[in-house]
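A.B. asks: Protein sequences appear in the order of chains E and Z.
In terms of this note's numbering, the first sequence opens at residue 42 and continues consecutively.
In terms of this note's numbering, the second sequence opens at residue 42 and continues consecutively.
Simulated from the structure, these hints should not be mistaken for laboratory data.
Because the structure is a prediction, the values reported are computed rather than measured.
Just so it is clear, CB atoms sit at the ideal spot from N, CA and C, and this is done for glycine as well.
Wrong hints could be hidden among the right ones.
[Said to hold, decoys possible] According to the in silico footprint, chain E covers these stretches of chain Z (three or more CB under 8 Å from chain E):
id, region
1, 89-99
2, 253-266
3, 373-381
4, 398-412
5, 422-436
[Unchecked claim] Label pairs and their calculated CB-CB ranges:
id, chain 1, residue 1, chain 2, residue 2, range
6, Z, D319, E, D327, 31 to 41 Å
7, Z, P135, E, S320, 37 to 47 Å
8, Z, L348, E, T132, 46 to 56 Å
2 protein chains.
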Amino acid sequence: MVKHFLFILLITFFISQISFAQTGQTLINYSVADTAHPSPYNFYGAKYPQIEADSRVTFRFEAPYAKIVQVSIANVPFDMVKGDDGVWTYTSEPQDAGYHNYWMLVDSAIVLDPATDAFIGYGHNCNGFEIPDPDGGFYEIKDVPHGNVLIRNYFSKTTNSWRHIYIYTPPGYDTNISTRYPVLYLQHGGGEDQRVWIEMGRTNVILDNLIAEGKVKPFIVVMETSAALKPGEIPPMRRLPRRAPQSGQTAPSPLPRMFFTFDTYKEVMINDLIPFIDSNFRTLSDAQNRAMSGLSMGGMVTRAVTLTNLDMFSYIGIFSGGTIAPDDIKDKSKVKLVFMSYGSRERGASGVKEAADVLQQAGIKSFSYVSPNTAHEWQSWRRSLKEFAPLLFND
Amino acid sequence: MVKHFLFILLITFFISQISFAQTGQTLINYSVADTAHPSPYNFYGAKYPQIEADSRVTFRFEAPYAKIVQVSIANVPFDMVKGDDGVWTYTSEPQDAGYHNYWMLVDSAIVLDPATDAFIGYGHNCNGFEIPDPDGGFYEIKDVPHGNVLIRNYFSKTTNSWRHIYIYTPPGYDTNISTRYPVLYLQHGGGEDQRVWIEMGRTNVILDNLIAEGKVKPFIVVMETSAALKPGEIPPMRRLPRRAPQSGQTAPSPLPRMFFTFDTYKEVMINDLIPFIDSNFRTLSDAQNRAMSGLSMGGMVTRAVTLTNLDMFSYIGIFSGGTIAPDDIKDKSKVKLVFMSYGSRERGASGVKEAADVLQQAGIKSFSYVSPNTAHEWQSWRRSLKEFAPLLFND
């Protein structure tokens with residue numbers, strides 16, 4: 042009797058809806074391209090953002106008492122229109138293929154839609170939506186052997202704190218117990234952390250697929266945030282995204298920001314992270330078998346770490362993060378390969394091939410790549426990883 | 042030159058703030074108890090929610106043009122007060138120890154604060170904050186051997202789709218390659234998914250610590266969402282959380298909800314998930330070495346799956362999810378142990394010991410547990426796992 046009463050209570054109060062949006066490995070189904078469909082990051086039952094057949098995106102947001110509601114797509118705000126039912130709607134221009142961050146501005150307050158999954162970007166959480174790419178099969182989960190993504194913690198003496206890492210081990214790592222593997226250290230961009238190369242970057246899916254095709258030599262990937270402070274180190278200041286002034290509403294003044302170097306993270310990597318990885322995983326720990334790459338600010342971290350430690354790294358990848366010149370490399374014999382890429386809509390795209398040519402002429406094996414019709418966003422970096430990975434650890 | 046121009050661009054536009062809030066293994070530092078401190082889920086630089094020394098919580102939210110702003114703590118809204126600077130503040134009553142969901146109501150719109158990490162609950166994303174527990178060391182990351190949390194995907198024939206799982210493998214799993222392990226299938230609550238037992242539940246940290254103390258026999262944990270639909274199956278309807286009417290603002294009518302059973306998920310588990318786990322991990326695959334437990338709705342899933350499959354499961358745990366009566370168990374010889382628990386603030390707490398006594402008298406080994414001073418929230422379930430785990434796989 043007590044039991045049944047409790048069960049009725051439970052049924053009444055605690056059965057909520059189920060959810061299909063799931064961080065890490067959200068299903069992206071290319072059979073829905075050319076058909077209007079909910080974005081795959083929407084929680085179950087949430088139809089909006091709706092991806093239209095022509096890659097426009099329709100947003101819907103209930104805020105009956107707000108004066109102005111905007112949706113900010115990749116940090117650019119667009120006005121929504123209020124309906125008689127208090128629901129605001131907006132349909133965007135066609136969006137580029139791939140993942141895009143967005144958030145809501147409700148009467149100038151930056152907020153997230155709770156009905157869509159959240160992902161770190163711009164130093165805070167963002168909502169996300171996904172536009173199908175006709176050539177996006179390389180990051181679709183397939184019936185091939187799958188590696189593991191591991192969530193681990195390790196203690197850093199440099200920061201005197203536990204730090205969080207994501208590690209990809211390739212298919213077969215668990216069973217080929219006498220095999221040792223090369224390692225790629227893969228960096229996020231500014232305001233992101235170790236999660237993004239799995240959640241938006243789909244690193245494990247991309248590598249599983251490339252390994253299955255025989256295009257990539259299996260390797261381990263280590264992802265960690267470059268945010269690192271020593272005890273007592275003064276932290277960088279906080280910065281909010283810019284907010285466009287709105288009619289009748291004054292935009293709040295942005296909070297101060299601070300520029301910082303990557304000296305502490307370099308110490309973390311060299312003294313704490315790499316020793317932890319090499320002693321806890323079956324790695325090949327010489328420079329010939331260690332690579333580092335990163336996107337945007339992560340490209341700067343990659344430069345800062347690798348160019349001053351060429352005895353530890355021989356493969357370098359910079360995605361949407363500037364270029365490397367011959368003079369930056371003190372000992373050319375130690376660099377196996379430099380890879381530099383941009384999305385075609387980025388200003389850096391025009392110079393990346395020339396930069397690679399200059400390096401090549403200086404005797405450093407170099408590759409460049411420009412992702413067609415993409416900006417400073419994840420599709421450029423998924424594709425960059427797809428181009429970079431087959432070049433690794435082949436010598 | 043091009044390079045330096047690009048770098049200045051990068052520095053100007055793309056270096057955002059760094060972040061310390063990180064899904065999965067957020068640091069919880071008990072040295073900050075009895076001291077006002079930012080909640081550990083805040084992104085870097087965000088001081089609010091601030092946990093006060095007496096476990097009150099101060100919220101701060103910038104919404105200069107809103108008429109009414111509320112913060113909803115565990116689905117109960119509280120009015121915030123607007124300051125001259127357009128910033129709304131509220132300091133709560135003292136909160137129970139542990140993790141709590143919250144969200145913002147800005148002029149009746151349910152939204153999330155982007156400066157605090159988001160976690161699934163109530164069928165959508167929520168913000169979270171954490172109150173230190175003087176006895177919370179059992180879920181604090183310690184310098185003991187750590188197991189792995191694996192993010193994996195597998196294909197379910199029942200749903201005809203890829204499904205996402207989190208798997209905990211205990212310390213030593215990677216190196217003791219001839220050892221096979223028992224398995225606990227661990228279920229989330231209504232409106233949650235496979236992430237929560239790691240992100241809020243801290244299952245890996247709890248088990249690492251208990252294993253290090255010699256209190257728990259090492260076992261594998263498998264976490265999956267019970268949300269499962271066969272192709273063509275009619276989905277359950279969506280329900281939004283209730284919203285309290287506000288002065289001058291009409292609360293939107295809640296969307297329809299739907300009750301549903303767990304028949305499809307039972308098929309997924311028996312026909313797809315368990316075979317995948319037993320063929321891809323070094324498990325002990327007999328009923329003596331398989332347990333299932335869940336919280337709230339997950340307790341109902343556990344009942345639905347285990348009580349109809351006693352040849353496959355011999356350990357059963359129900360956390361804040363009702364009780365089991367002797368008549369529910371068809372073959373008492375097949376059940377090694379039943380564990381039932383509640384938070385002391387839940388209505389079910391008063392009956393759980395009696396329910397265990399009745400089972401015990403009927404010849405079924407049973408344990409009950411009531412978590413002191415906690416409600417239908419995560420602290421009850423972290424503690425329940427801590428009490429349940431040492432009872433497993435000892436016979």
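A.B. asks: Next step is simple, just say for each hint if it's right about the structure.
C.D. replies: Outcome of the hint check:
1. Against chain E, the region 89-99 of chain Z contributes 0 residues with a C-beta closer than 8 Å to a partner C-beta. That does not satisfy the three-residue criterion, and the hint is violated.
2. Note: the region 253-266 of chain Z has 1 residues with beta-carbon separation from chain E under 8 Å; the three-residue rule is not met and the coverage is violated.
3. Under the rule that three or more residues need a Cβ within less than 8 Å of chain E, the assignment of the region 373-381 of chain Z is violated, with 0 such residues.
4. Residue count for the region 398-412 of chain Z with a Cβ under 8 Å from a Cβ of chain E: 0. That is fewer than the three needed, and the coverage hint is violated.
5. Requiring three or more residues with a Cβ within less than 8 Å of a Cβ of chain E, the coverage given for the region 422-436 of chain Z is violated, as only 0 such residues are present.
6. Between Z:D319 and E:D327 the beta carbon distance is about 38 Å. The supplied range of 31 to 41 Å therefore holds.
7. The supplied range of 37 to 47 Å is met by Z:P135 and E:S320, whose beta-carbon atoms lie about 44 Å from each other.
8. Look at Z:L348 against E:T132: about 50 Å separates their beta carbons, and that is inside 46 to 56 Å.
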